[in-house]
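Quick note, the sequences are listed as chains A and W, same order. Residue numbers 1238 to 1379, in this note's numbering, belong to the letters of the first sequence in order. Residue numbers 1254 to 1693, in this note's numbering, belong to the letters of the second sequence in order.
Among the clues, some could well be false.
Quick list of simulated restraints, FRET-style, between CB atoms [what the hints assert, rightly or not]:
no., chain 1, residue 1, chain 2, residue 2, range
1, A, 1246, W, 1314, 36 to 42 Å
2, W, 1478, A, 1370, 45 to 51 Å
3, W, 1462, A, 1316, 34 to 40 Å
4, W, 1562, A, 1312, 30 to 36 Å
5, W, 1271, A, 1328, 43 to 49 Å
6, W, 1629, A, 1312, 47 to 53 Å
7, W, 1427, A, 1350, 30 to 36 Å
8, A, 1346, W, 1337, 32 to 38 Å
9, A, 1361, W, 1627, 51 to 57 Å
10, W, 1272, A, 1316, 54 to 60 Å
11, A, 1319, W, 1314, 46 to 52 Å
12, W, 1627, A, 1246, 54 to 60 Å
13, A, 1287, W, 1494, 57 to 63 Å
Away from chain A, derived, C-beta distances all over 10 Å, residues of chain W [stated by the list, open to error]:
no., residue
14, 1268
15, 1317
16, 1364
17, 1385
18, 1457
19, 1611
20, 1691
Source of the hints: derived by calculation from the structure; they are not laboratory data. Every residue gets a Cβ at the ideal spot worked out from N, C-alpha and C, and that includes glycine.
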Amino acid sequence: MAKQGVVPDDLTRPFWEAANDERLVIQNCAVCNRLQHPPARRCHQCGSNAHLEWKQMCGRATVYNYGVVHDCPIRLLQEDQPFNVAVVMLEEDPGIQMYSHLPGTPVDAVPVGARVEVIFEATANGQKVPEWRVVHSAGSNR
Amino acid sequence: MSTPTAPYSMYRPKEGLGPWEHRGKVAAVGIGHSPTARRWDGRPEHSVGGISLMALRRAIEDAGVAADQIDGLVMDPVTTTGAYWPQGKPIPNDMLAVFKATDDPLDGIAKLSADWILNNMPELTNVRFTMYGPGCMSNAICVAAQAVGDGLTHTCLVLKSWHNFAGRYYQGGANAGNAIPGSAALRALWGTPACYGTALQFAEYCRKYGKHHDMMAPFIENSRNNGLKFPEGYWAQHRPEQITAEDYKAARWIAKPANLFDNDLPIMVSAAYLYTTAERARDMTQKPVYILNHALSDGRPRSLTPTLDEVEAETARTARKIYEGAGICAADLSFENMYDGFPQFHQFHIEGLGYRGLQFGDALDFYQGDIGIHGPNPILPSGGNIGCGRSRFWMHTDCIQQLQGRAGARQVTGVKPEVAVSGGPMPLGGHFTVWSATPD
Chain A
1238 MAKQGVVPDD LTRPFWEAAN DERLVIQNCA VCNRLQHPPA RRCHQCGSNA
1288 HLEWKQMCGR ATVYNYGVVH DCPIRLLQED QPFNVAVVML EEDPGIQMYS
1338 HLPGTPVDAV PVGARVEVIF EATANGQKVP EWRVVHSAGS NR
Chain W
1254 MSTPTAPYSM YRPKEGLGPW EHRGKVAAVG IGHSPTARRW DGRPEHSVGG
1304 ISLMALRRAI EDAGVAADQI DGLVMDPVTT TGAYWPQGKP IPNDMLAVFK
1354 ATDDPLDGIA KLSADWILNN MPELTNVRFT MYGPGCMSNA ICVAAQAVGD
1404 GLTHTCLVLK SWHNFAGRYY QGGANAGNAI PGSAALRALW GTPACYGTAL
1454 QFAEYCRKYG KHHDMMAPFI ENSRNNGLKF PEGYWAQHRP EQITAEDYKA
1504 ARWIAKPANL FDNDLPIMVS AAYLYTTAER ARDMTQKPVY ILNHALSDGR
1554 PRSLTPTLDE VEAETARTAR KIYEGAGICA ADLSFENMYD GFPQFHQFHI
1604 EGLGYRGLQF GDALDFYQGD IGIHGPNPIL PSGGNIGCGR SRFWMHTDCI
1654 QQLQGRAGAR QVTGVKPEVA VSGGPMPLGG HFTVWSATPD
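Between the sequences and the hints, there should be enough to build the whole structure, so can you do that?
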C-alpha cells in the first residue's frame, strides 16, 4: 500500500531516523522508566522533559484489536480499500500501541492475540515506516 | 473586546469536590435554534455568522428579556464540521456588504469570534463578559453555568454554531497530499476515518461481552424516530426518513464494525441558550431549568487509542463526579441524553452512569427492550446527532425542553421529567451537565 510520505519534525525525528535504519525506537522517560507513544515534549507521568530518551524495542508485539477501513480519508490509500488497520501492543509494554496494515493478512481475517514482528516499508517519499507482520496465528501452540 | 478561553479553574475535573457551590442557583431559560442546512448556499444570512445571529435573537425572544439586559456571551469560536474554506478562494462580496467584519476575513464564514457577534448585534449594548468554551456546546454551557454562578455575568447567552461547505468530509487538505508531518504521521499514515477509534472500542466491547453489531439497530431506530419528532433537526426539516433495522444492517461499512448509520451527518446549524441566575429566571417567559452540576472528563489514553478498560474506568469516574456535585444518584435520573456521535460509544456513557442499573456490558441487551419516549426507560429522547444531524447540542436543548414540558411530540410520558443529564462528546474527554425542574 502506498502510504503518504513523512516529513520528520523535531519531536519525532529520532523515531523516523531509526526507522530508516530499520530499528524501532520509542520515547522513554529514564527516571520513570516509562515508555510513551506518540512521543511528547514531557513525560506524561512526571512532567519532566529532562530525562526523555529513545529506547530500542525488540520488534515483537501482539495484535490487540482491528477494524477494516472501507471509506478512507487519505487519497493515496483509497484505491486499496478495504484494508485492515490493526492495533498492536509492544512486547516491552502492552500499554504502547502502534497501527499496522498487517501486510499479508487477508482483509477482515485479523487474528486478534496473534504475535507479530516489525518490518519496515518505504512511504511515498522514501521515508521508512514500521509495519507489522503476523508470525503465528491466535490459538497456535507453536 | 478581548475574549479569553475559559481557564481550567472554571471546570470541575476531579472527584471529591463535593456539591457544586452554585447547585440550583443557575438556570437555563431561553432557547433559540437556526434552521438547518446540509451546506452553506453562499447567502450571507445563511452563513455561520448569519445563522448564529438568528439563534441568539430567538433565544433572547424565547426567554422574554430585553437585549440590553444581557451582559455575557459564552461561545465556541471553532465552527468547522471538518470542512475548510479553500485556500485563496475569495470572500463573497455579499458577506462584506451585509455584515460588519472583523480583521479576520473568514470570521462569520469558517469561524466565529465574539467580536463578530457583537459587531453585528448592536442591540447587545451591555455585554461586559465574553469567554470561549471551545469544542462544543457541552463545554460552553459548563463555562456559562460557572460564570453565572461566580457572578461574572448575570444574564448570559451561550452559543454554538457549525458551518459546512461543499466537498466530502475530511477529504481535502493534508489528506489529499503526498506527505505529512512526522507527528501527524504516527496516526494518519494508516488512513483511518473519524469513526475508527470508536469502532475499535466497540469491537473490543463486543468480543468481551459477547455482543454483535446488529444489536445496535434498536438504538439507531429509536434515535431517528425521536429525531423526526424534533422540528429543529435536520432530518425532520429536510429528509423525514425513518431508519429500519434492515436499513441499518444493510448499510455500507465505513470502518467495520462501524457502518454509514454509525456515523452522523455534518450540517450547518446554530443554537443559543439564555443562562441566568435562578432568582432572575423567575421573571422570564419560560420555566427555568436549574443546573445542579457540571463536570469535566479530561482523561486521556496511554497510547494511540483508548482501550476498553480505559474507557470504562473514565466513564465510571465521570459518573461519580456528575453525581457527587449534583447531590443525586443514578436512580434520580428521569432520562438520559448523553452524546451519540458516534452511537457506538453511547453505551459507554450510560453504563458508566449506571442508568437504570446498567453495568458494563449490559446496554446492548437493554436496547432490545422498550427504550422509547413513552416507556419507563427513555434512551436519548433528543434523537441526538443520529436523529437530527451533527450539532452536539440536541441533547442539551432536549433536556431543557423536556423539563420545561415543551418537548412537543418528543415529550417523555413514561416518566415524570424531573432530573436529567446530558453531555459529551467522548467517553474520554467531555463536559457534562445535570439539569433539574426544581432548584433542589
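Each hint, compared with the structure:
1. Roughly 50 Å separates the CB atoms of residue 1246 of chain A and residue 1314 of chain W, a value that falls outside the hinted 36 to 42 Å.
2. The hinted window of 45 to 51 Å between residue 1478 of chain W and residue 1370 of chain A holds, with their beta carbons roughly 46 Å apart.
3. Hint check: residue 1462 of chain W to residue 1316 of chain A, Cβ distance near 36 Å, so the stated range 34 to 40 Å holds.
4. Taking the beta carbon of each, residue 1562 of chain W and residue 1312 of chain A are about 35 Å apart, inside 30 to 36 Å as hinted.
5. Taken as a hint, the range 43 to 49 Å holds for the pair residue 1271 of chain W and residue 1328 of chain A, whose Cβ atoms sit roughly 44 Å apart.
6. Range check, residue 1629 of chain W to residue 1312 of chain A: Cβ separation about 49 Å, and the 47 to 53 Å hint holds.
7. Restraint check, residue 1427 of chain W to residue 1350 of chain A: a C-beta distance of roughly 34 Å satisfies the suggested window 30 to 36 Å.
8. Separated by about 37 Å at the C-beta atoms, residue 1346 of chain A and residue 1337 of chain W satisfy the suggested range of 32 to 38 Å.
9. The supplied range of 51 to 57 Å is met by residue 1361 of chain A and residue 1627 of chain W, whose beta-carbon atoms lie about 56 Å from each other.
10. Evaluation of the 54 to 60 Å hint for residue 1272 of chain W and residue 1316 of chain A yields a pass: the beta carbon distance comes to about 57 Å.
11. The supplied range of 46 to 52 Å is met by residue 1319 of chain A and residue 1314 of chain W, whose beta-carbon atoms lie about 50 Å from each other.
12. Between residue 1627 of chain W and residue 1246 of chain A, the C-beta spacing of about 55 Å keeps the proposed range 54 to 60 Å intact.
13. Separated by about 59 Å at the C-beta atoms, residue 1287 of chain A and residue 1494 of chain W satisfy the suggested range of 57 to 63 Å.
14. Once the 10 Å rule is applied to beta carbons, residue 1268 of chain W is consistent with being away from chain A; the minimum gap is 20 Å.
15. Residue-level check passed: residue 1317 of chain W sits 45 Å from the nearest beta carbon of chain A, beyond 10 Å.
16. The claim that residue 1364 of chain W lies off the interface holds: its Cβ sits roughly 22 Å from the closest Cβ of chain A, which is beyond the 10 Å cut-off.
17. Distance check for residue 1385 of chain W against chain A: the nearest CB is about 24 Å away, which clears 10 Å, and the non-interface claim stands.
18. For residue 1457 of chain W, the non-interface assignment is contradicted: its Cβ lies about 6 Å from the closest Cβ of chain A, within the 10 Å cut-off.
19. With 10 Å as the threshold on Cβ separation, the claim that residue 1611 of chain W sits away from chain A holds: the shortest Cβ distance comes to roughly 23 Å.
20. Interface exclusion of residue 1691 of chain W from chain A stands, the closest Cβ pair being 43 Å apart, more than 10 Å.
Against the hints set out earlier in the document, violations occur for numbers 1, 18.
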